[in-house]
Amino acid sequence: MDSTQLALITLLVPLVSATVIALFLRRAGAVASYLSTVAAAVVAVTAVMLAYGGHRFDVSAEWFTFGEFTLSLGFKFDDLAALMLTIVGVVGFCVHLFSLGYMHDDQDKARFFGGLSVFMFSMIGIVLADNLFMMFIFWELVGFSSYLLINHYCLKQSAADAAKKAFIVNRVGDFGFLIGILMCYWHYGTVDLNALPDVIAGGAMMSIAIPLLLFCGAMGKSAQMPLHIWLPDAMEGPTPVSALIHAATMVAAGIYMLCRIEVLMVADALNVIMWVGTITAVYAALCAIVQSDIKKVLAYSTLSQLGYMVAAFGLGSLVVEHDGSEVLIAAGVGAAMFHLTTHAFFKALLFLGSGSVIHGCHHEQNIFKMGGLLKKMPLTAITMLIGVLAISGLPFLSGFYSKDSILHLAQEKNAIVFGLLVFTAVVTSFYMVRMWRITFMGETQSDAAEKAHEGGLSMTLPLVLLAVLSIFGGYTHGPLGFLYGHSFDGVWSQIPHASGAGVFIMSIAILVVGAGLAFALYKPGPSDGLATKMPAAFIGLTALKESFDKGYNYYVAKVQDRFAMLMNFLEQILLAGLIIRGLAGIVGLFGLGARALHVGSLHAYVYWFLLGAVLLWGFAGGLF
Amino acid sequence: MSVGLTEYLTVAVVLFVIGFVGVLIRKNTLVIYMCLELMLVASTIAFVAFSRFNGTMDGNVFVFFILTVAAAEVAVGLAIIVALFRRRQTVQVEELNALKN
Amino acid sequence: MDLLLIAIVSPLALALAMVLGLPKALTRNLAYVGFAIPAIISIVLWCQYGDAAKVSTYAFLTTYDTGLSKLGINLTLGLNGISMPLFVMAGIVGLAAGLYALQSGAERLHTYVVLLLIMQGGLMGVFASVDVFFFYFFHELALIPTFIMVGIWGGRDRNYAAMKMTIYLTVGAMLSLLGLIAIYYTSGAKTFDMIALREAVLVEGISVGIQQNIFGMLMFGFGVLVSLWPLHTWAPLGYGAAPSSVAMLHAGVLKKFGLYGLIQVALPLLPQGAEHWAVILATLAVVGNVLIVGIITMAQRDLKQLVGYSSVMHMGYAFLGVACLSVVGVGGVVFMMVAHGFSAALLFLLSTSIHHRTQTFDLDEMGGLVKHAPVLSAFFVAATLASIGLPGFANFWGELTIFVAAWKVFPTLTVIAILGVVISAIYGLRAAARVFFGPQTEAFDKVLAEKPATDLTWSEKLPALLLLVALLALGFWPKLMTDSINDSVTAIYPAAEAVVPTDVARN
Amino acid sequence: MPTELLQQAAADNHWAAIAPELLVGCLALLLLILEIVLPKERQEIIPSVAIVGLLGILGGLIFNYHSDYVGQTTFNGLLHHSGTGQFLRLFFLMAATGVSVLGVVALKRQAMPKVEFFAITLVVTGAMMLLGQSNHFVMLFVALETITVGFYVLVSYTRTNPLSLEAGLKYLIMGALSSGILLFGIALLYGAAGSQAMMASTTDPMNFEALRIFLYANPNSPIAAVGIVLVLSGVAFKVGAVPFQIWIPDVYQGAPTPVSAFLAIASKAAGFAILLTLVSVFDAYQSLVVTVLSIMAIATIIFGNMAALTQHNVKRLIGLSGVSHAGYLLIGVIAAIHVPFALGAICFYLFAYMLGSFAVFGVMTHVSGADDADQDLDHYTDLAKTHPFLGAVLGVGLGSLAGIPPLAGFMGKLLIFLGAFEAGLYGLLAVAVVGVVLSIYYYFGWIKAAFFPQWRPPVFEGDDPVPEPPRQTVGMPAGILLATAALASVLLGFYQGPLGVWLGLS
Amino acid sequence: MADILFYIFAAMTIGSAVAVVINPNAVNSALAFLVGLLGVSGLFVLLDSFLLAVLMILVYAGAVVALFLFIIMLLDMQGGERKPFSRPTAVAGFIGAALLAVCATSLLQGIGALETAEAGSAIGVGANLKHYADQLFTTYLLPVQVVGFLLLIAMLGVIVLSKKFEGLEDIK
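From first to last, the protein sequence lines are chains A, B, C, D and E.
Here our numbering is used: position 595 in the first sequence is 595, and no number is missing along the way.
Here our numbering is used: position 91 in the second sequence is 91, and no number is missing along the way.
Here our numbering is used: position 178 in the third sequence is 178, and no number is missing along the way.
Here our numbering is used: position 77 in the fourth sequence is 77, and no number is missing along the way.
Here our numbering is used: position 78 in the fifth sequence is 78, and no number is missing along the way.
Since the hints were derived computationally from the structure, they do not count as laboratory data.
Keep in mind that the hints are not guaranteed to be accurate.
Taking lysine-lysine and the BS3-like style, the derived pairs with C-alpha atoms no more than 25 Å apart in a straight line are [said to hold, decoys possible]: (1) C:K446 <-> A:K156; (2) C:K371 <-> C:K479; (3) D:K385 <-> C:K24.
Taking the hints into account, I'd like the entire structure generated from these sequences.
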């Protein structure tokens, strides 16, 4: 079996699984869950085989043709795709495994696992896509699967609303994305990712609009300001979904896509992207501080980290010294992808950990009603601690390396951004430690927490696996780089590496300041420490968080809906009413008039004859 | 100036117009009917005059037919008027307007 | 045996037989046959189309003299790459509508089925006619039952709706008839035969000024039929009132007549006329149909009206594609017509199924139906997503192709049109959420207390499945139809200029 | 008088050529004889004799359709037998058959003398057949007056009903007035054509052939022009063209329904028969005739449709719709001047119009109650439900009249439109289209009344339920008539076949 | 002489026609009509159509006017109308008359073109009774037959409209 067929299998196995579940296994939830998990396992295995098999290829097939427009589908499998595919495969499998336990008692299990399979299919499609049209197709499809999965608890109004919001906001992003693709098609004559570099190298005019419009797509999917509003709401979905889609893979697709089209970037566009990313990173981190829902904390954290990646990408390429000569590397791509990788591991870990907690506490999500879970759920607590430390950048854990490469890049390119990112890092460790401490330390705060217990093997195993990955995921080369081998050197070689002890010190300083503040401000208990100790800051941050939601709600309820009502009113009154009915009325009036001429009197009728006779006679006689 | 075609036709046309006006203004159905007959008579004058001055016989024969037809028409018409009078006790047109609109 | 003729005549003959007094007990079984024969034939012809011998793009050509041959009117049947997909679509949607009607338990089902069969016969005729006259003729044949059925079995406002629909569509039909007659004469061919007309126009051509006039007439005539803004107000009202099978057949299939006419008749015969009107057409379509109607759709509170408005909105894309005057645009439109036929029919079908369960079309009184009817909700969500252009469903390819074609000619309008994609997502998903998700409303509780809601029955599921499978099949494998469409469109539009940028790489 | 002259004249009197007319006349006499001969209780068969006789004559005429006299002029130039004339003969015979069948149904409800109705109908039919072939003003006038006098009687036939008599009176006055105008016009033409002062004067000025030649020689005579328009006015009264249409709704409403049908179908067709003949005679004054007819056509279409829009009495409604049909036919007449096939189109239109009208009038005859003049749209409520057959026939008939495909009426309109387009009458076409759209409103309103479930006030206890409108059951002959009309309307829409060939369209 | 007679007869005809129109009493109108018909007969005599002149008196004066008078008597309205026509009718009638007069005048102006010089001298064709017979029994044989039928249906009509039938008169 050659690699292309293997890639095809990777792509289609989840689709087959989803189809079978949808058609036959609607009521057989257990079978469906196993089928889906097996499919995920197959994907993981084939993904790893493909990635580590060392074979890289491009294939393409014409899908349909209208005149001069041909749409083709194909695979572009390079190191970047291989890396992404591996992450999707592995994390996906972990989440499937975890879900077996987490969703065990759910009635609509079949729908859930079917949705997961659809998601795997779509996500792999994005990863393997060799042109922008194909990417757009799967881009929409992941949006759909995300909708499906957020909507899982669809009888809850909030879940239904969240799903709808997620899809629509994504569509807003896709609006720009599609326009960008069309512009690209007509501007460069192709949207093929393999052909684009040649066209550009051939001296095609560069355009700032195209990359920015394409970035719109990334803004939607990767939830960058101001399209980030859907992601926190998306936490209405089951926790494994949050782990897989809204933390590790789908939201990262925006970053992946940007890396794919790096060749189209121009400096001004990169600048915009960098600032969007930076602002998102800072804003989301601040919002995370005041969250009491464990998943919301993680959601804002995800937003913040995605901002990090986007900012990293926006920082652009860098000249580095390599083996004594100066070379230009796509440092933005490298740093962003590196952080994407490590983030996928530790954020998936954190979400699954929180899922474990929620599952243990019978779907209690408020951290102030937990507490003391360290004793009840030690494995979860420890694996989560690893995740917290990784995200906070504890040296030698994966997050440390990836975050440092970004900070290093920022330091080199833009001081203000650097400052903001450092500040974000401090805040990150602050709220992560806060969350962990309140959840796991101290006394239990509710009955639910009292009865908490560790989940089964299917839930703990993924935690451990992801914890291991979170620890070792940062070693891209060197003795501890066994995780990656040399399979992804095409990406890893672009990572900017800082040298010297400065980074070390900075990292530890960040961690210490953040964690220290958290320890100082919060004690495990039923209420938010910040709210009592620094109410002004708390209120300010809450307002900051809510401002966007309020704006969004205001827009929907007061602007969009009212405008729609107005247009409807105008159509009913003006078009259908005044113009059409008015016209009909006038005709009807004439009709009544014509009818009224039949007065019934012979004399009146004779006058008609007179009129006719005189007119005709006069006309014929040449009187007029 | 001797009397010629023009004079006869003048009589015919004037008779025609008077008949028409009578139909226009009279209310009594019977009189209206007489006025209609006047119009027919006007045509006969024209026919006979043309026949005489053009030397073609057809006009005269046509009048023959007109007379016959007129007689038949009058018979039927008067029958209708009588029948109507029996039902409605009137022959005034302004009262015979049950059919309208 | 001429399968095309059989496909047209068999439903009509059955309808006639029923009118003339076939035993009513047989009605149901015979009706199944009446709806199935066209569908089967259409699929058989689809399979044979690729290998069939073609005369100037038309396969399966046959001509019958009906008594007016001196005037150039003959019943000529045949299929080309443009009509074949629509013919197949008409067959399948017709079958679905028929199946749905037979299970609907409508009052006076006998008459209902007879009228529906007549409609079906007309529909098959519309797309199988090579003769422009009969193309028009069959359209009207199918239209008449529509009016009557809206009036008899319609819902709210049916009297007004039926009347308004009738007047509007007659205006459109008369305008287009005049346009067609004008072509008949000005082409110099004095025939309604499409092939002869094309040849005549190639030789002689119609003078530019006349072309412009005729195209204008056809554009507005057909525009009324396809609900071009601002001539669309009959559509939501009519569909809102129409019984499900009628709405399925009309919105799904019959409405495509106008677009089909523009593509098959107006554009090839009146290219310069089309050029003259293209900008106006595109502007009306995008600003009017897509944007304004799209926004209005968001304000709808009645499910069926909403579906009706959304159908109007999507016609905007089709018009935009036509206005591109290119092979790409027209190809996209043909594909989209097929796709929209399936998806619109499916939506109307499902809305009625929802109504059976909720006893209302008012979105504010629904909610939480998914608990009682998960399969129905799955179908509805799928249909909604199809209609808003999610990849994997056929509609997406059509819309995408139209956008690609339109960008080159009208970039600004295309941006607005793409904005419509967002708008349609907003109202589509909002409707789905209102009906199925969230907690149950009190009004719905009351309805449930009287009549518990069940999930889709098999007799409802079958037609829905038929349509959904078609949507998905074309969504995953567009080549099923694109090749034949492309061949014919390319052949009919020889003037399609080389619009490709110079350095097209592999794409 | 030399006997040779008599013999020569007699030789030209080709009686065989008018055998159908003679037979129709004899049939009328036979009916009267039967009335005298037969005992009272056996007299019921008389209408059947009329119908069977008419069908026999019809069959005979069809059998001898292509006789050798077609294309010849007989009776010393009084008659000219043309293909169109043959068609019209068939047309009038069919119309008479239909009217007789409806007459049986309608008269059953009235305590009226039965036989005279059929006798008069037959004589009128014979006159119409002659009128369609007349080639001479004397013939035209006599035939026309026979028709008119016959209609005076028929319209006021139900003399127990004052409305019928009033309609008769109105028709009488209007008809006599129009006869007067027509006659005066004929006199002027006669005088002008016979005057030796004019170029190419003729010794036979009432003969159409001679008149045509004369008019060609004198294309600018004001006298002839006035004569022409006055004659046209008289004809316009017959076809019901504006401004001579005003009598129509009143008379249609008051007349017994079969008579209204006869007026609408045959009398109108007779008017068009004369018009077609005269338009070719007046060829030299084409610009005048075309202008007059065009203005009439526009006014007729608009007025007919407008006035019908808000009408509720179906007899008035169908009358006004008939006015608009006259307008479309006028367009055809104008087109026929230049476009040969338009003649066929007019014939086809008339035929389709007859089928549609019989379907509608037939249903009206069955739905009408004791008061024939009071037939309202409301009487049609639920017709399709309670009498599906009548409902279906009504639907087809109205659809055909409205010109909706696939019915014959549409083909008629289409052919007329094609002719008009070929003749370049774009303005008239536009008006016609507007008219068609307007007409949809009231035709559809009627269908709506018959087919759509209507809101009804709830019946409370103690209230008398609203009485069901009286509807008759359909008898055999009427059923056959209705079914034939409806089926033929449908069939002719799809397949014109032999009729198309016959009319030169294929 | 003939000219003077013409003017006398013309005046008689037109004068009595005006009387028919304006006389409020129907009986008087009928009588005036009778006088008018005599005038017309006179004109016919002047035009050499002796047969028609006789027929005019026989058929019209003798039959038609008599019938009119009978009916007027039968319907018992000798009293006449108090107001034969209302003011609006009179005004409208006047306008109508004026319009018709304008048309008629324009027509009469053209009549001169039809005048022939020699026409006045010869004896008219209508003078010879045999010509009528010739025409009616050769050329116009068919119309004569038709007129027969016309009279037949007129008779039938009068019967239908006037004869008493059993059970007919109770309805309404």
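> Are the Cα positions of K385 of chain D and K24 of chain C separated by 25 Å at most?
Replying inline: Satisfied, since the Cα-Cα distance of roughly 16 Å is no more than 25 Å.
>> Checking one constraint from the list: CA of K446 of chain C to CA of K156 of chain A, max 25 Å. Satisfied?
In response: Holds: K446 of chain C and K156 of chain A sit about 20 Å apart, inside 25 Å.
> Holds or violated: are the alpha carbons of K371 of chain C and K479 of chain C at most 25 Å from each other?
Replying inline: 38 Å, violated
Taken one by one, the earlier hints fail for this structure only at number 2.
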